[in-house]
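Protein chains: 2
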Amino acid sequence: MKRIAESTVRRLSLYLSFLEGIERQGLKTISSDELARLGGTTSAQVRKDLSLFGSFGKRGLGYAVPELSEKLREILGLGKQWRVCIIGAGKIGAALARYRGFAERGFIVTAVYDNDHEKIGKRWESLTVRPISELEKDAAKQHFDIAVVATPAENTPAVVKQVVRTGIKAILNFAPVQLSVPSDVTVRNVNMAMELEGLSFALSNRGD
Amino acid sequence: MKRIAESTVRRLSLYLSFLEGIERQGLKTISSDELARLGGTTSAQVRKDLSLFGSFGKRGLGYAVPELSEKLREILGLGKQWRVCIIGAGKIGAALARYRGFAERGFIVTAVYDNDHEKIGKRWESLTVRPISELEKDAAKQHFDIAVVATPAENTPAVVKQVVRTGIKAILNFAPVQLSVPSDVTVRNVNMAMELEGLSFALSNRGD
DNA sequence: ATTAGTTTGTGAATTACTTCACAAGCACGG
DNA sequence: CCGTGCTTGTGAAGTAATTCACAAACTAAT
Numbered sequence: 002m003k004r005i006a007e008s009t010v011r012r013l014s015l016y017l018s019f020l021e022g023i024e025r026q027g028l029k030t031i032s033s034d035e036l037a038r039l040g041g042t043t044s045a046q047v048r049k050d051l052s053l054f055g056s057f058g059k060r061g062l063g064y065a066v067p068e069l070s071e072k073l074r075e076i077l078g079l080g081k082q083w084r085v086c087i088i089g090a091g092k093i094g095a096a097l098a099r100y101r102g103f104a105e106r107g108f109i110v111t112a113v114y115d116n117d118h119e120k121i122g123k124r125w126e127s128l129t130v131r132p133i134s135e136l137e138k139d140a141a142k143q144h145f146d147i148a149v150v151a152t153p154a155e156n157t158p159a160v161v162k163q164v165v166r167t168g169i170k171a172i173l174n175f176a177p178v179q180l181s182v183p184s185d186v187t188v189r190n191v192n193m194a195m196e197l198e199g200l201s202f203a204l205s206n207r208g209d
Numbered sequence: 002m003k004r005i006a007e008s009t010v011r012r013l014s015l016y017l018s019f020l021e022g023i024e025r026q027g028l029k030t031i032s033s034d035e036l037a038r039l040g041g042t043t044s045a046q047v048r049k050d051l052s053l054f055g056s057f058g059k060r061g062l063g064y065a066v067p068e069l070s071e072k073l074r075e076i077l078g079l080g081k082q083w084r085v086c087i088i089g090a091g092k093i094g095a096a097l098a099r100y101r102g103f104a105e106r107g108f109i110v111t112a113v114y115d116n117d118h119e120k121i122g123k124r125w126e127s128l129t130v131r132p133i134s135e136l137e138k139d140a141a142k143q144h145f146d147i148a149v150v151a152t153p154a155e156n157t158p159a160v161v162k163q164v165v166r167t168g169i170k171a172i173l174n175f176a177p178v179q180l181s182v183p184s185d186v187t188v189r190n191v192n193m194a195m196e197l198e199g200l201s202f203a204l205s206n207r208g209d
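These protein sequence lines map, in sequence, to chains S and E.
Going letter by letter, the first sequence gives residues 2 to 209 in this note's numbering.
Going letter by letter, the second sequence gives residues 2 to 209 in this note's numbering.
Derived from the structure by calculation, the hints contain no laboratory data.
There could be a bad hint or two in this list.
Remember, identical chains collapse to one label, so a pair may be satisfied in a single copy or spanning two.
[What the hints assert, rightly or not] The calculated DSS-like cross-link candidates involving lysine-lysine, where the alpha carbons are at most 30 Å apart (straight line), are:
(1) K138 to K120
(2) K92 to K170
(3) K120 to K162
(4) K92 to K81
(5) K59 to K142
(6) K59 to K3
(7) K72 to K3
(8) K49 to K123
(9) K92 to K59
Required output: the full structure, derived from the provided sequences and hints.
Next comes the structure, spelled out in structure tokens:
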């Protein structure tokens, strides 16, 4: 299959979230034009995005909402449950572990790790914070699909090495460093400082 | 000045974080090639990014680290302090309010708002959670540059309307909805569910 | 001085992404 | 069952972003 751009995947994700809202409102069909308006894009973009995976619409009518939702969930791999481990039991780790939205979308947090003796052993909801030294052993027993890395910048490269060794192929990285991983490991970065700096840039350069 | 792509601004931000690390190590110069390796890009990309703002390097030698850092801080508007208000005193809001990294980079959290009576009046570090109904009044007295919106999806459109009315021109949005704002307001979205879905997609479509 | 070895800055070429524009398909009304 | 009004799917055209590739500029060594 043709390579799919990251921007496309982001939009698919966005469309899905709109469709779920629309489904709750009870609407049966939606046009590419309406989806585009919701997502701040164009109808041609919506149709092109979807057409990369098949043709799901009916000409003259639009897209059937439940069918398209289902199709998008399938494309995005949301049919199955993904097992997630969180590494770093700080503020961000805690906020993530408790966020209900993940489980709803099939991302199940199954373990939390840290290297701080203060934190190890603490209970978080139904989980206990475990020493990071146990990660590899644990991973051999239970399978993890995704690692969320929320460690201080200085520890992150070492932590990521360990993660890669366990065979985990997807990392969501909150640490403000660029990860170096083998090409078969997918990384997504979330970097608050970078987002704020983007806003700072926009504020500083208005009107030129 | 030519319009600068968001991807470029992201990279500038990234370069700056590397330069700060390098500066601490005491290195005086760096080549576009080394910066590229750190940032997972190409040397041509680095040079092109920088050349949009001037020519800061010395041929045969590279870039002087402190000078380039300073220049990037200036380009990104990090010379001044930005006043930030956080709206939504939930998990994410709390994690952000306490994150030390912001202040270091000149983003000063000066107020926190919520509409939940349980939360209003609670003290957070040096701040007190205020009722969101006071936002507009407060904004008239103290100036806010940036609003961080971390409210539940359903309240977000109304909250954003209020934010826009105060004259704030930059919003960092954590709510999983697409904001509709006037074109002179800059929005950056951070959406954890979307990032995880991107990883889910990658895991589901390996090797085709 | 001259030469060898680097590395920048930047047009040109390439690749990737988005938008245009229209034939083809479908629903509905008469 | 034919026409009217919509809306999709998609090549072609247009933009935008990235990479190539090389002259120009600098250092250091001899």
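Hint numbers the structure violates, sorted upward? As far as the earlier hints go, 5, 8 and 9 are violated by this structure, in ascending order.
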